[in-house]
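> These protein sequence lines map, in sequence, to chains A and B.
In short: position in the first sequence from 1, add 8, done, that's the working numbering.
In short: position in the second sequence from 1, add 37, done, that's the working numbering.
Hints were generated in silico from the structure; no laboratory data involved.
Hints may be right or wrong, so weigh each one.
A few chain B positions that, by computed beta-carbon distances, are all more than 12 Å from chain A [to be verified]: (1) L60; (2) F113; (3) G138; (4) R228; (5) H286; (6) S298.
Away from chain B, derived, C-beta distances all over 12 Å, residues of chain A [to be verified]: (7) P26; (8) D27; (9) R39; (10) G40; (11) E70; (12) W71; (13) R73; (14) T121; (15) S122; (16) D131; (17) Q142; (18) V157.
Quick look at which bits of chain A chain B covers, simulated, 3 or more residues with Cβ under 8 Å [stated by the list, open to error]: (19) 43 to 51; (20) 60 to 66; (21) 100 to 108; (22) 112 to 119.
Predicted model, so just to flag it, every value in this text is computed and none were measured.
Glycine included, each C-beta is placed from N, C-alpha and C at the ideal position.
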Amino acid sequence: MTTAEETTAGESLLLPVPDEDGAPFWEYAARGELRVQACTACGRLRFPPRPCCPHCQSFDSEWRRTSGRGRIWSWVRPHPPLLPAYAAQAPYNVILVELADAPQIRLAGNLVTSADAPLNSVDPARLRIGARVQAVFTEVGGMSVPRWVLEKA
Amino acid sequence: MAATLKDATAIVGIGQTAFAKRLPSSEKELACRAILAALADAGIAPSEVDAFASYTMEETDEVEVAKAIGAGDVTFFSKVGYGGGGSCATVGHLAAAIATGQATVGVAWRSRKRGSGPRPWKNTAVQLPTPGQWTRPFGLLRPADEIGMLARRYMHEYGATRDHLFNVAMACRNRANENPAAMMYERPLTREMYMSSRMISEPLCLFDNCLETDGALACVIVSAERARDCRQKPVYVHSAAQGLPAQHHGMVNYWNDDPLSGPAWTAARHLWKQADFGPSDVDVAQIYDAFTPLIPLSLEGYGFCGRGEGAAFTEGGALELGGRLPINTGGGGLSEAYVHGFNLINEGVKQLRGTSTAQVPDAATCLVTAGEGVPTSAILLRA
Ligand SMILES: [Zn+2]
């Protein structure tokens, strides 16, 4: 596991620092899979991950694979002052994606033209609430993180 | 002992330091100055203080404050969570402690050097494990980004526009222009300035964000019985509530069923249930305004209008002096000072004493709220 100190070394983007509950999300992401925690007792999905089910209090869970498809629920375009690595790409977009398989689950991410493209690679005129997007994965500092591309019409 | 908090206690003293981008004094010194000013205002000796309440992100703890000001034996102290969401809860906690006989003289305070100090979001070591792992790597770094996300969705769902957000910024600035203690006292705002200002996190521009301020404030709370003998006209704590909604997730409340109805709704339900009057009886309101979109959201949450009607509520000068609901009459966090909302508490007291620089005639009831978007709190004050 990466420490917070290591993530701030140099001027790189912040890395996710998984906790015990979140670790499986990032392990599946490393395999290119977008998975969400599900209760094995009542079947309900939950996010962010946590030890027990808020609906039935069961401690048994599994990680269910999603289609990786979703829609933009909202978005912002941050401008400086920002941390250096983000300022270098600003203004960039941050989107919130509601998953097609579970609309109540919304993941923060970035809309890019391709998996490895910069955070500001998409023309802001294309940012639209409701736009269909698809998860892709890119390497940041040795970790695999999801990014989003517009779904081909 | 009172079975209810209703009017059982009163705020009898308020104090503050200067507000500025940079003050030479330490946070501890500012805290002591504000507290001693509030005690002097009440006519109560520091040795009589036996209760303290503050909220997190306060660097000066009660041990340091009690020792420095010469407090007596202290029998109650509390520190409320969630930064700006805890401002009003300090008053609520002291009111509960005093009403139930745990203490007799309570002091709540906030001291901050936010104008000259570091910005909390720049600390990359905090927040990265849950929940930061789900947002910060993607560049959702600052509170402005986190609230901007809700603001964009709110605008999309309800047809709110930047003009509505401007109405909020303008009402606060107009009141600050009347308040010599405000950082924006002699600095008028125009629509042209607002619309052409630089973006911070689209859709939020510079004027949608609170100030960065050094300064401190404090207030003194005693029982209603004792308040009658104090120097100032008592301002009664009529109702108090905290709010942490089911499945809430803090600033990035994106994962519950309805991210646009936040902690204000939860606090409001309890606040009104305990009160003898309702939203339409509120003469003036001090609503936490770290960001302009928090105002329409709070207007809905506290029941001044229906769901989705908060933006339209700001039209036609409704938030201005003489309007349907004058707000943030000292200038608020947007234009008086950003001291994590404590200036809103003291301004509420000034209104009910009749001493505000933007006085609402015969104001007898005031709602004061803490930060919407995080686990929050609110109080109803009455003259
Ligand atoms: Zn379950």
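> Confirm or reject each hint.
Hints versus structure:
1. With a cut of 12 Å on Cβ distances, L60 of chain B stays outside the contact zone with chain A, its closest approach being about 22 Å.
2. Listed as outside the interface, F113 of chain B is consistent with that label: its C-beta sits roughly 33 Å from the nearest C-beta of chain A, beyond the 12 Å cut-off.
3. The claim that G138 of chain B is not at the interface with chain A holds, since no C-beta of that chain comes within 12 Å of its own (minimum 38 Å).
4. Every C-beta of chain A lies more than 12 Å from that of R228 of chain B, the closest at about 21 Å, which supports listing it as non-interface.
5. The non-interface label for H286 of chain B is inconsistent with chain A: the shortest C-beta to C-beta separation is roughly 7 Å, within 12 Å.
6. The beta carbon of S298 of chain B sits about 14 Å from the closest Cβ of chain A, which is more than 12 Å, so the claim that it is off the interface holds.
7. Annotated as non-interface, P26 of chain A brings its C-beta within 12 Å of a C-beta of chain B; the closest such distance is 6 Å.
8. Not every CB of chain B lies more than 12 Å from the CB of D27 of chain A, the least distance being 4 Å, so the non-interface label is violated.
9. Residue placement check: R39 of chain A keeps its beta carbon more than 12 Å from all beta carbons of chain B (closest about 18 Å).
10. Annotated as non-interface, G40 of chain A keeps its C-beta farther than 12 Å from every C-beta of chain B; the closest such distance is 17 Å.
11. Taking the minimum C-beta to C-beta distance to chain B, about 19 Å, the non-interface status of E70 of chain A holds against the 12 Å cut.
12. With a cut of 12 Å on Cβ distances, W71 of chain A stays outside the contact zone with chain B, its closest approach being about 15 Å.
13. With 12 Å as the threshold on Cβ separation, the claim that R73 of chain A sits away from chain B holds: the shortest Cβ distance comes to roughly 19 Å.
14. The non-interface label for T121 of chain A is consistent with chain B: the shortest C-beta to C-beta separation is roughly 16 Å, beyond 12 Å.
15. At roughly 17 Å, the least C-beta separation between S122 of chain A and chain B is larger than 12 Å, which holds for a residue marked as non-interface.
16. No Cβ of chain B approaches the Cβ of D131 of chain A within 12 Å, the least distance being about 14 Å, so the stated non-interface status holds.
17. Listed as a non-interface residue, Q142 of chain A keeps its Cβ farther than 12 Å from every Cβ of chain B; the least gap is roughly 16 Å.
18. The claim that V157 of chain A is not at the interface with chain B holds, since no C-beta of that chain comes within 12 Å of its own (minimum 15 Å).
19. Closer than 8 Å: that is the beta-carbon criterion, and the segment 43 to 51 of chain A has 0 residues meeting it against chain B, so the requirement of 3 is violated.
20. A count of 1 residues in the segment 60 to 66 of chain A with a Cβ less than 8 Å from any Cβ of chain B is obtained; the coverage claim is therefore unmet, three being the minimum.
21. A count of 3 residues in the segment 100 to 108 of chain A with a Cβ less than 8 Å from any Cβ of chain B is obtained; the coverage claim is therefore met, three being the minimum.
22. Chain B is given as covering the segment 112 to 119 of chain A, and this holds because 7 residues of the stretch bring a CB closer than 8 Å to a CB of that chain, at least three being needed.
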